[in-house]
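From just these sequences and the hints, can you work out the full model?
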Amino acid sequence: MVREPLGEADAAGLSRMFKALSDPVRLRLLSLIASHEGGEACVCDLTGPFDVSQPTISHHLKVLREAGLVGSERRGTWVYYWVLPEALAKLSDLLRAPAAPAEVPA
1291 MVREPLGEAD AAGLSRMFKA LSDPVRLRLL SLIASHEGGE ACVCDLTGPF
1341 DVSQPTISHH LKVLREAGLV GSERRGTWVY YWVLPEALAK LSDLLRAPAA
1391 PAEVPA
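Quick note: the sequence shown uses our numbering, first residue 1291, plus one each step.
A couple of the hints might just be wrong.
[Said to hold, decoys possible] Computed list of lysine-lysine pairs in DSBU-like fashion (alpha-carbon distance at most 30 Å, straight line):
#, residue 1, residue 2
1, Lys-1309, Lys-1352
2, Lys-1352, Lys-1380
3, Lys-1380, Lys-1309
[Unchecked claim] Here are the computed distance ranges between Cβ atoms for each label pair:
#, residue 1, residue 2, range
4, Ala-1301, Gly-1366, 24 to 32 Å
5, Pro-1295, Trp-1372, 14 to 22 Å
6, Thr-1346, Pro-1295, 19 to 27 Å
No wet-lab data here; the hints were simulated from the structure. In this text, a Cβ means the ideal position worked out from N, Cα and C, and glycines have one as well.
This is how it looks when you write it as structure tokens:
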């Protein structure tokens, strides 16, 4: 963003990610998944820390998945989630400020 202006498609994709992360529950879910042992978490491990219903957690996970922030896979009766590193890299690249130019001695 600081090196060149965002194109329309990139801006739309990134805005979906930021919109998904603007909810505190979703931001916490992403953090829980990313910090979970092995880098993935069962939905059964994600419902306890929240004061919301399991269907609400499932909705938030769906929003994160549709925004391209997490991947998922059904294994038996449970769904497992993991953070998509390429999505975090896109957000990081966008927010990374360029290095300040070195001062030239007088």
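Comparing the hints with the structure gives:
no. : hint                               : in the structure
1   : Lys-1309 with Lys-1352             : holds (13 Å)
2   : Lys-1352 with Lys-1380             : holds (20 Å)
3   : Lys-1380 with Lys-1309             : holds (15 Å)
4   : Ala-1301 with Gly-1366: 24 to 32 Å : violated (39 Å)
5   : Pro-1295 with Trp-1372: 14 to 22 Å : violated (32 Å)
6   : Thr-1346 with Pro-1295: 19 to 27 Å : violated (37 Å)
Figure legend: structure checked against the earlier numbered hints; hints not met, in rising order: 4, 5 and 6.
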